[in-house]
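Counting in numbering that gives the first Met the number 0, the sequence shown runs from 0 upward without gaps.
These are computed hints drawn from the structure, not numbers from a lab. No residue lacks a Cβ here, since even glycine has one placed at the ideal position from N, Cα and C. Treat the hints with care, as some may be off.
Think about it this way: if two alpha-carbon atoms lie no more than 27 Å apart in a straight line, the pair counts; the simulated BS3-like pairs of lysine-lysine are [as the list claims (entries may be wrong)]:
| hint | residue 1 | residue 2 |
| --- | --- | --- |
| 1 | K335 | K83 |
| 2 | K82 | K53 |
| 3 | K298 | K246 |
| 4 | K364 | K335 |
Okay, the calculated beta carbon distance ranges per label pair [claimed, not checked]:
| hint | residue 1 | residue 2 | range |
| --- | --- | --- | --- |
| 5 | P25 | Q172 | 30 to 40 Å |
| 6 | S372 | N294 | 37 to 47 Å |
| 7 | T286 | V225 | 21 to 31 Å |
| 8 | A145 | G112 | 25 to 35 Å |
| 9 | K131 | Q420 | 43 to 53 Å |
| 10 | A409 | Q172 | 24 to 34 Å |
| 11 | L367 | T44 | 19 to 29 Å |
| 12 | S31 | G199 | 49 to 59 Å |
| 13 | M352 | K135 | 20 to 30 Å |
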Amino acid sequence: MKKHPLLPCLAAALLLASAALAQELPTAIPESVGLSPERLSRIATAVQREIDAKRIAGMVTMVVRHGRVVWLDARGMADVEQKKPMQKDALFRICSMTKPITSTAVMMLYEEGRFTLEDPVSRYLPEFKDPKVLVKPEAGQPNTVAARREITIRDLLRHTSGLTYQWNEVLGQRYVDANVASGLLQYDGTIADSVRRLAGVPLLFNPGDRFEYSLSVDVLGRLVEVVSGVPFDEFLRTRIFAPLNMKDTCFYVSAAQQPRLATAYTYYPDRGLGRFPDAPISEGTMTYSADYPYNGPRKLFSGGAGLCSTARDYARFCQMILNGGSLNNVQILSRKSVELMSHDQMGKIEPEMGFGLGFGVSGVKAPLDELGSPGEFGWGGFFYTKFNIDPKEDMIVISMGQLHPTGGVALDMVVQNLAYQALDQLSRPGGTD
Numbered sequence: 000m001k002k003h004p005l006l007p008c009l010a011a012a013l014l015l016a017s018a019a020l021a022q023e024l025p026t027a028i029p030e031s032v033g034l035s036p037e038r039l040s041r042i043a044t045a046v047q048r049e050i051d052a053k054r055i056a057g058m059v060t061m062v063v064r065h066g067r068v069v070w071l072d073a074r075g076m077a078d079v080e081q082k083k084p085m086q087k088d089a090l091f092r093i094c095s096m097t098k099p100i101t102s103t104a105v106m107m108l109y110e111e112g113r114f115t116l117e118d119p120v121s122r123y124l125p126e127f128k129d130p131k132v133l134v135k136p137e138a139g140q141p142n143t144v145a146a147r148r149e150i151t152i153r154d155l156l157r158h159t160s161g162l163t164y165q166w167n168e169v170l171g172q173r174y175v176d177a178n179v180a181s182g183l184l185q186y187d188g189t190i191a192d193s194v195r196r197l198a199g200v201p202l203l204f205n206p207g208d209r210f211e212y213s214l215s216v217d218v219l220g221r222l223v224e225v226v227s228g229v230p231f232d233e234f235l236r237t238r239i240f241a242p243l244n245m246k247d248t249c250f251y252v253s254a255a256q257q258p259r260l261a262t263a264y265t266y267y268p269d270r271g272l273g274r275f276p277d278a279p280i281s282e283g284t285m286t287y288s289a290d291y292p293y294n295g296p297r298k299l300f301s302g303g304a305g306l307c308s309t310a311r312d313y314a315r316f317c318q319m320i321l322n323g324g325s326l327n328n329v330q331i332l333s334r335k336s337v338e339l340m341s342h343d344q345m346g347k348i349e350p351e352m353g354f355g356l357g358f359g360v361s362g363v364k365a366p367l368d369e370l371g372s373p374g375e376f377g378w379g380g381f382f383y384t385k386f387n388i389d390p391k392e393d394m395i396v397i398s399m400g401q402l403h404p405t406g407g408v409a410l411d412m413v414v415q416n417l418a419y420q421a422l423d424q425l426s427r428p429g430g431t432d
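Working from the sequences, and respecting the hints, build out all of it.
Here it is, written out as structure tokens:
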């Protein structure tokens, strides 16, 4: 019998995936990679201070340098009322930390030659053909005009599409009225349903005019489905999560996983720390819940907000990116795609802001606000998760809590600063003192 020409490729892919599954990121003592253990321990002190002050229930923090885990700490409570301590394998709603993963999926298809970044998205999602822009005159009723150009895939990746979120004071109510999903609330529909409804709402501005954090990445999730021909969750599971051994990363937690999902809390300075209510919270036109990972129809795979993950899993994704697209001999992206994604794409559109294709980029247009390196990149999530990738220091910093509103708590930034202050003088890139 003649052998199918794809069988050798499939066998090789399975072999590589099996090799990745057998491995975790190696650990090392901090001194071996140029970090002071005494200074790293300041992370635990800072987190514990916020826990003792009842401004956060608990947090998992992680530092990886030169591909080795040198700090992984679980502190506080995953559930205060149930007296469940935070564990290192706790699951978190990572919300907008889903966006870099979705952007990676898009770039994988880009590398297959399925599209160019300047392609109009309407070529693949016809509902976005001939977009309209909302105009609000000083007198009279709002109206729409034809956009100067169509939304490109690049616009979606860098948030210059003219789309926005439900919290926007101009278009938020229209999104609600059109039943567009935010990704942070139960939704009786699919990503295809939501994106189709989103396309029927006018744009906030002409594509390419400026940056507006938006549902663009949910549109990208639908683009992945259409171009690949498989459901978005399946694409992520088979093409990214399984090869990288991200075994706990998913849109909806299973019954076995649910006890590991950290409880969400709210913090208001005048009321203190409180368990997230059973009912959703509404702030203007934005409504969000904390039980969407396990309650509801489970139909929506939100490319911009839907995933849950662990610090260990997300560190593997970050390490793949830091390595230039590969981990444990499994190549997800090319080195050049990672360079493009982590390179500022704003140009003159946003003179003071750096943003690539799925990542915020720091220190490339303005001085760094905190400790770090020019060109570091990362992002955060709605429920108080954050990651930072620093190619110059070959370092990853991750913090994961479950808190919103945060009441101004800045612990995520403090954790990043404390990771950097732990760098040894002898670990400078390019040489030693």
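A quick look at each hint next to the structure:
1. A threshold of 27 Å between alpha carbons decides the hint, and for K335 with K83 the separation of about 44 Å lies outside it, so the pair is violated.
2. Of the supplied pair hints, the one linking K82 and K53 holds, its CA atoms being roughly 14 Å apart against a limit of 27 Å.
3. Among the hinted pairs, K298 with K246 is consistent with the structure: their alpha-carbon atoms are about 20 Å apart, no more than 27 Å.
4. Between the alpha carbons of K364 and K335 the distance comes to roughly 22 Å, so the proposed pair stays at or under 27 Å and holds.
5. Separated by about 51 Å at the C-beta atoms, P25 and Q172 break the suggested range of 30 to 40 Å.
6. Roughly 41 Å separates the CB atoms of S372 and N294, a value that falls within the hinted 37 to 47 Å.
7. A C-beta distance of roughly 28 Å is found between T286 and V225, which places it inside the suggested range of 21 to 31 Å.
8. Remark: the range hint 25 to 35 Å for A145 to G112 is upheld by a beta-carbon distance near 31 Å.
9. Taking the beta carbon of each, K131 and Q420 are about 50 Å apart, inside 43 to 53 Å as hinted.
10. Between A409 and Q172 the beta carbon distance is about 31 Å. The supplied range of 24 to 34 Å therefore holds.
11. At roughly 24 Å, the beta carbons of L367 and T44 sit within the given window of 19 to 29 Å.
12. About 56 Å separates the C-beta atoms of S31 and G199, a value consistent with the hinted range of 49 to 59 Å.
13. For M352 and K135, the hinted distance range of 20 to 30 Å is satisfied, since their beta carbons lie about 25 Å from each other.
Comparing the model with each earlier hint shows violations of hints 1 and 5; every other hint is respected.
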